[in-house]
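Just need the whole structure built from these sequences, with the hints factored in.
Anchor point for the sequence shown: position 124 equals 124 in my numbering, and the numbering is continuous, going up by one each time.
There's no promise every hint is true.
[As the list claims (entries may be wrong)] Pair ranges (Cβ atoms, derived):
hint, residue 1, residue 2, range
1, G62, S269, 49 to 55 Å
2, E234, R195, 39 to 45 Å
3, S297, E191, 50 to 56 Å
4, P315, L238, 49 to 55 Å
Think of the hints as simulated: they come from the structure by calculation, not from any bench. Glycine residues also receive a C-beta, built at the ideal position from the N, C-alpha and C atoms.
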Amino acid sequence: MQEIHHFFHSLFSLTLDFRVRLFNILALGGTVISLIMALLSLGTGSWGNVLINLVLVAVSGGLFLYSYYSEKYQRCYLITIVMIFLIVFPVMFFTSGGYHGGMPAFFVFAIIFTVLMLEKRRALIVSLLEIVLYIGLCLVAYHFPHIVTPFATEVDRLADILLAFVSVSTVCGIVLYFHLKEYNQQQLLLEEQNRRLRSLDNAKSTFLTTVAHEIKNPLSSISLHARDTSELLEEEPLDFSLMQENLRTIEQSVMRIDQIVLDLMDTVSIEQGRLALSLVPSDLGALLHSVEKDFSSHPSSGNNQLVLTIQSDLPEISADPERLIQVITNLISNADRHTQNGTITISLTGEPGWQTICVSDTGTGMSEEMRKNALKGYVSADKDYWRHGIGLYVCHQIITAHGGKIWLKSQEGEGTQVFFSLPEEVS
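Below you can see the structure in the form of structure tokens.
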């Protein structure tokens, strides 16, 4: 029973083209209708109609199976139209009472099917050919009535007309229903996509504006302190302490620009699926000491103290050390920029199969909305989000590529904690 349900679901799945689903409906419906008409003709003793309808059952079923397994749908559509609408229907017209029976309704059905299934000029040409053919059949039947097989009784004639009416109206109604349903679904999908595109466009516009602003600030600082240093060189006596302070500020600004550019390049690589890792045995404790040494060699922009806590005797893990240094440096940089005269704490702990690093600060923290969206990429048009989130998004992707997990805890005014866990062995 489950296999039958799966089979029918595959015939009418929304992933299929509308024409394919329509063809499946009509092929199955045509097979059932032809079988019913064969049984009715058998009851009236019309052996010619029995034979023709059995041929239709075989043709409809055969075309359905051929299209299902070969997926050559346009060929099946054309074969259906030629064999059934242009050959079998004209024969049935003369064996089923001509225009006094239900065949004219099937002629309408044939034209509708042709217009829906064929493409562009081919649909127009074939449908016009059918119209001319069916008009010609009616004229021939009118002028040569003796070649038309009449119904034995008025009841047979009425039954044929009613069956044709019910069959064609049911199939056309189902087709129209599914067509309108799909149209409405596509409209809703289009509206949702347009909404997302507008949101993405607004977010990216804000992103570009904010990145330009973020780069402009350190550039302005570089220009200001370089000019100030140039003026100091012309003074007597030389103020070396002030010049050294200017140079440290310039160095911090250059490092900030370098970090922004690196994050932008990584964001592009991530979105294009080109984030590559070079996995080697790595000691996270040694990496943290390296980052601490680098941080200590440069003055903190927020005058913050860095505290390092490392659990001893942890094994090496399989990781990309350069990428992990990038993550840790990014997290420390974020913490340093949003903390003033505070403490930044880095801890490394281990549990079976995993090692976890936490970077915490005593800074401004994040709002709940910003915290929920900080790892997701282009999700907000809030400029404050971009100051926190561009690096966090890159960190998230790097940790995920390692098979790890990253999460954060933060409240406004109470600081931020960013955790990430890495498996000791990458699967």
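Okay, the hints, checked on the actual structure:
| no. | hint | in the structure |
| --- | --- | --- |
| 1 | G62 x S269: 49 to 55 Å | 52 Å, holds |
| 2 | E234 x R195: 39 to 45 Å | 59 Å, violated |
| 3 | S297 x E191: 50 to 56 Å | 54 Å, holds |
| 4 | P315 x L238: 49 to 55 Å | 53 Å, holds |
Hint 2 alone, counting from the list given before, is not met by this structure.
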